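Produce the complete structure using the sequences and hints provided.
2 protein chains.
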Amino acid sequence: MKPSPSIFRQVLYQLPPTIARLQHEVVSPDATLAVTGFIKSIRRQKRVSFAVLSDGSHAQGIQAVFLDTSLTDGLTNGTSVRLTGKIKDSPGQKQDRELLVDGVEILGECDPELYPIQKQTLTTEYLRENMHLRARTDYVSAVLRLRSCLMHSVMDYFNTQGFCFTHTPILTGNDAEGAGETFRLAQFPDPQPDGPNETSEFFGHSAHLTVSSQLHLEALASGLSRVYTLSPCFRAERSQTNRHLAEFWMLEAEWMDANREGVQGICGLVEDSVKSYASDVIGGQDVEVLWKDFDEVRRKTLVDSLPKPWARMTYRDAIKALQDAKNVKFEFEPRWGRTLQSEHEKWLAEIFVSGPVFITDYPGDLKPFYMRANEDGETVGCFDLIVPYVGELVGGSIREERVDVLESKMRKDGLGLGKHEYGWYTDLRRYGGSPHVGFGMGFERLVAWLGGIDNVRECVPMPRWASKMLL
Amino acid sequence: MKPSPSIFRQVLYQLPPTIARLQHEVVSPDATLAVTGFIKSIRRQKRVSFAVLSDGSHAQGIQAVFLDTSLTDGLTNGTSVRLTGKIKDSPGQKQDRELLVDGVEILGECDPELYPIQKQTLTTEYLRENMHLRARTDYVSAVLRLRSCLMHSVMDYFNTQGFCFTHTPILTGNDAEGAGETFRLAQFPDPQPDGPNETSEFFGHSAHLTVSSQLHLEALASGLSRVYTLSPCFRAERSQTNRHLAEFWMLEAEWMDANREGVQGICGLVEDSVKSYASDVIGGQDVEVLWKDFDEVRRKTLVDSLPKPWARMTYRDAIKALQDAKNVKFEFEPRWGRTLQSEHEKWLAEIFVSGPVFITDYPGDLKPFYMRANEDGETVGCFDLIVPYVGELVGGSIREERVDVLESKMRKDGLGLGKHEYGWYTDLRRYGGSPHVGFGMGFERLVAWLGGIDNVRECVPMPRWASKMLL
Numbered sequence: 037m038k039p040s041p042s043i044f045r046q047v048l049y050q051l052p053p054t055i056a057r058l059q060h061e062v063v064s065p066d067a068t069l070a071v072t073g074f075i076k077s078i079r080r081q082k083r084v085s086f087a088v089l090s091d092g093s094h095a096q097g098i099q100a101v102f103l104d105t106s107l108t109d110g111l112t113n114g115t116s117v118r119l120t121g122k123i124k125d126s127p128g129q130k131q132d133r134e135l136l137v138d139g140v141e142i143l144g145e146c147d148p149e150l151y152p153i154q155k156q157t158l159t160t161e162y163l164r165e166n167m168h169l170r171a172r173t174d175y176v177s178a179v180l181r182l183r184s185c186l187m188h189s190v191m192d193y194f195n196t197q198g199f200c201f202t203h204t205p206i207l208t209g210n211d212a213e214g215a216g217e218t219f220r221l222a223q224f225p226d227p228q229p230d231g232p233n234e235t236s237e238f239f240g241h242s243a244h245l246t247v248s249s250q251l252h253l254e255a256l257a258s259g260l261s262r263v264y265t266l267s268p269c270f271r272a273e274r275s276q277t278n279r280h281l282a283e284f285w286m287l288e289a290e291w292m293d294a295n296r297e298g299v300q301g302i303c304g305l306v307e308d309s310v311k312s313y314a315s316d317v318i319g320g321q322d323v324e325v326l327w328k329d330f331d332e333v334r335r336k337t338l339v340d341s342l343p344k345p346w347a348r349m350t351y352r353d354a355i356k357a358l359q360d361a362k363n364v365k366f367e368f369e370p371r372w373g374r375t376l377q378s379e380h381e382k383w384l385a386e387i388f389v390s391g392p393v394f395i396t397d398y399p400g401d402l403k404p405f406y407m408r409a410n411e412d413g414e415t416v417g418c419f420d421l422i423v424p425y426v427g428e429l430v431g432g433s434i435r436e437e438r439v440d441v442l443e444s445k446m447r448k449d450g451l452g453l454g455k456h457e458y459g460w461y462t463d464l465r466r467y468g469g470s471p472h473v474g475f476g477m478g479f480e481r482l483v484a485w486l487g488g489i490d491n492v493r494e495c496v497p498m499p500r501w502a503s504k505m506l507l
Numbered sequence: 037m038k039p040s041p042s043i044f045r046q047v048l049y050q051l052p053p054t055i056a057r058l059q060h061e062v063v064s065p066d067a068t069l070a071v072t073g074f075i076k077s078i079r080r081q082k083r084v085s086f087a088v089l090s091d092g093s094h095a096q097g098i099q100a101v102f103l104d105t106s107l108t109d110g111l112t113n114g115t116s117v118r119l120t121g122k123i124k125d126s127p128g129q130k131q132d133r134e135l136l137v138d139g140v141e142i143l144g145e146c147d148p149e150l151y152p153i154q155k156q157t158l159t160t161e162y163l164r165e166n167m168h169l170r171a172r173t174d175y176v177s178a179v180l181r182l183r184s185c186l187m188h189s190v191m192d193y194f195n196t197q198g199f200c201f202t203h204t205p206i207l208t209g210n211d212a213e214g215a216g217e218t219f220r221l222a223q224f225p226d227p228q229p230d231g232p233n234e235t236s237e238f239f240g241h242s243a244h245l246t247v248s249s250q251l252h253l254e255a256l257a258s259g260l261s262r263v264y265t266l267s268p269c270f271r272a273e274r275s276q277t278n279r280h281l282a283e284f285w286m287l288e289a290e291w292m293d294a295n296r297e298g299v300q301g302i303c304g305l306v307e308d309s310v311k312s313y314a315s316d317v318i319g320g321q322d323v324e325v326l327w328k329d330f331d332e333v334r335r336k337t338l339v340d341s342l343p344k345p346w347a348r349m350t351y352r353d354a355i356k357a358l359q360d361a362k363n364v365k366f367e368f369e370p371r372w373g374r375t376l377q378s379e380h381e382k383w384l385a386e387i388f389v390s391g392p393v394f395i396t397d398y399p400g401d402l403k404p405f406y407m408r409a410n411e412d413g414e415t416v417g418c419f420d421l422i423v424p425y426v427g428e429l430v431g432g433s434i435r436e437e438r439v440d441v442l443e444s445k446m447r448k449d450g451l452g453l454g455k456h457e458y459g460w461y462t463d464l465r466r467y468g469g470s471p472h473v474g475f476g477m478g479f480e481r482l483v484a485w486l487g488g489i490d491n492v493r494e495c496v497p498m499p500r501w502a503s504k505m506l507l
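So the protein sequences, as listed, match chains A and B.
Mapped onto the numbering used here, the consecutive letters of the first sequence carry residue numbers 37 to 507.
Mapped onto the numbering used here, the consecutive letters of the second sequence carry residue numbers 37 to 507.
Just so you know, these hints were derived from the structure itself, not from any lab.
These figures come from a predicted structure and were not determined experimentally.
Check before you lean on any hint, since a few could be wrong.
Since copy identity is lost for identical chains, a pair holds within one copy or between any two.
[Said to hold, decoys possible] Okay, derived cross-link-like pairs now, DSBU-like style, lysine-lysine, Cα gap no bigger than 35 Å in a straight line:
no. : residue 1 : residue 2
1   : K504      : K455
2   : K336      : K362
3   : K365      : K328
4   : K403      : K382
Structural data, given as structure tokens:
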């Protein structure tokens, strides 16, 4: 599904090198280059001045050295400039290379009195209120580069496993989990009104924002066998936790379970993929910036878990472990048949396992209709992956492929089986449907976990949550 | 922005090879393998039977050969199976390799009388009505693989040019082009009603589906310098043309114009990038399938345009060419100051230039407020890229960076400049804003052009347009 680019293609246009490229690639020490960016900080001394220039491509930016200190006239934090000069290896320890400046062009002025991104440490709350400028901070730009990196990692991983990237619809007539809390589109004034104040549905019936791409992915998997998407999802939850957003991005995959490996197979692919993403980014400069002033225990738990196999336990065994837990008082009593609360998941991952843990085979009554009933008649073939300090990162299951079992569960849930209701979904089983599996991963939670970021509101460029939508 | 994956990472889990892999990679001729997919066609003869098996990974699938014809009992078109056997080079001309079958497991039956995807040619309209199963056809699965390929091409291209991939918001308080026709979220019943039937906004104010990511990308570019996204966009247009959807995907990029190359620089990057995508996919099996029964003239126009520089002309020259056109009667008279109609664009690309054409520097009155005013006081620094038989593929411009010019245009358009209106957008100019440029490309139109597809409704897995939203 990935092209093999022709090596003979002639490149017709090339943008000038970014600072990241100037820091890492071979540069002739005598060539005069131009570097564009904005001033992060400036230090004026008698005989020489220094500035850090950033273009957002590199965690450290580049140090600009002005032997002619008059060149820094008018330069303040935030000013956009085009500097010309020569690239030299830096004698200092903090920088890899520096730019010996011989020319300055000011591209955009910045009033240092009014500039909202002052040099002193700014709170995350303050930066959320100044969301349009927060990509100028070291922290937020590192998050955004990390996110871009992970997007590439995800696409590389799934391509290697033979998956096709797809764009599933955002607007839908159904809500995949039958769970309410969906956003609905407003009606329009009717262009041919029957009476005053008539309104009508643009699509002829109600339209909702998707809460999950799963059902649509299953339709595509019926033809393509292995499909995935990274798609926006929407939940109208009023909760104000550090791991919920009203608009978030979800990585979802569905594939034919050719070898009938079931839940253990999904766990295998999920564990392999997440470790692959982690190995792409951990140790990189951006992740270093993000973890710098964060929790060392959390970092160690993450890094230590990567070379080891991740724990897998059934819901039944998890309940037993929780019931047997010493020296801990849960607000909610752990009992078979009840939902695992955040406090339970937290204890299992952070204390009991001290690492990521797959919890499998939950009671069917706790899970949606599409999960495959196990032989025991009580549980379903599913899992949640719980990671320390973030909570649920992934949820997945075998999908019920037996049309009679599926339809009886859907009837029980009150889901319509007509052609314009969920009939298309049961059709997938009727016409050559075969055993298949899938999962969904909250992309912001992945960013939060790998980046050591406390709140998913920092993990997406422009977060939206109840009562809050800037820009 | 792209990781350099560690070559030492241990792969922990591997799905079995797809048919695409079995067709192209080294396979031991004596190893017994399992191949999972569904039957595309079956041909029973006295001593040997043949079936084409597809898993959606490869345009041709693989031919399965049954020397024991009793193994095909119960196999019909659409049946999902797991076949075991040995891979051999095919003696036939049509197939690369074939599977000599010695074992069959039926994974999902398919009633040949009821199966909606019959072997005879099905119309695109019929397949749209059976959207949940249309990925099982050769045509639609080739489109979906092409789309996936192009997604990889896009990400590779922008990574090479130093861009950061970002996820811009879908829900927004503004409509970027001030052009109406936006979808709006419905209000919710108020959880603390002041009276009966009270409703309220989930975000505290009205929320719309984005029509373009541009303004948000500009905010991110103020920190990251080069950003792009491939994001869903929404327009509540009631037009039923073959190139409009209510939900579509748009590739948008913004970058600092360090060398002040202006419109010619954007055109340079756009031309280079589109030629790069084309060289990744043209000649591939999927594109071959798609063009097979399509228009040979269109194909030749496309292929011939790739090694040549693409034409660039000003709007002024385009109007002149249209006015001077012989042997053609336009419904709308071409005249300076008026919009170019589809018939005009069509004539320019298909007749006058016979290839893609960039039309630059339109009158400011025809274009949105954010485009940079040229020195002539009449036109703005912008372009549209028109391609034969598809029409407008890309639109872009220099963004107005002069805060006074921008604000006066916004006031004229009645756009609020307060903190919670568009004040954040003018802020970007106030605090170190520097000259920058950008463009937007309709992703479905790119798929349509390169794939020779007549209607964008076939270029996205599950299309939505006025009065139509299945699944």
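Consistency of the hints with the structure:
no.	hint	result
1	K504 with K455	between (38 Å within a copy, 14 Å between copies)
2	K336 with K362	within (24 Å within a copy, 75 Å between copies)
3	K365 with K328	within (33 Å within a copy, 68 Å between copies)
4	K403 with K382	within (20 Å within a copy, 54 Å between copies)
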